[in-house]
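Colleague: Numbering (the working numbering), first residue to last: 1 to 145.
Since the hints were derived computationally from the structure, they do not count as laboratory data.
Worth double-checking, as some hints may not be accurate.
Label pairs and their computed distance ranges (CB to CB) [stated by the list, open to error]:
id: 1; residue 1: T127; residue 2: V44; range: 23 to 31 Å
id: 2; residue 1: I93; residue 2: K143; range: 46 to 54 Å
id: 3; residue 1: Q98; residue 2: K141; range: 45 to 53 Å
id: 4; residue 1: I140; residue 2: N2; range: 36 to 44 Å
id: 5; residue 1: K103; residue 2: F124; range: 23 to 31 Å
id: 6; residue 1: E7; residue 2: E92; range: 19 to 27 Å
id: 7; residue 1: V44; residue 2: I93; range: 16 to 24 Å
id: 8; residue 1: E7; residue 2: V58; range: 40 to 48 Å
Every residue, glycine too, gets a C-beta built ideally from N, C-alpha and C.
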Amino acid sequence: LNIPHQETRSMEEFYFCFGYHHGADRAWEMDYFRRFGEGRNAEVLGFSQLKSDLMMRVLNLPELATQIWQGFPQEKRKWLELYTQGVNKGFEIGREAQEFKDKNYAPEPWRPEYSILVLLLQSFDQTRKTFQRDYEEEQIKEKWG
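Using the sequences plus the hints, can you model the full thing?
Modeller: Okay, structure coming up:
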């Protein structure tokens, strides 16, 4: 199934390896969602992304991610820093993905804030979907009683 397995001797190794495998195997997805959260997908994917880029820039999730990172407890920062180091090491392999070749660019180095940004993006998406589902259910109730 092409699922990586890794044995580690410490939590430090675990977080590095976790990031490494993400960077090696999911570089395109990581870069796509980072760019999406920053409102920068049109730079690579073209005009069709301008509307979503504008919406994301209005939300300004990168600033919130930076604020969260700056307030991160010192004892927890090392885990995300090690993960980030692993991602960047994995990008050495992941940047060879066909999607990068097709668009003729490589992913920018990963930063801890980007992991937080992607989590904020996922949270926003889940909230938006919940709101939309609730709204649609209310419309159905009104229509059908």
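Colleague: Just pull the numbers of the violated hints for me, sorted ascending.
Modeller: Hints that this structure does not satisfy do not exist here, as all of them hold.
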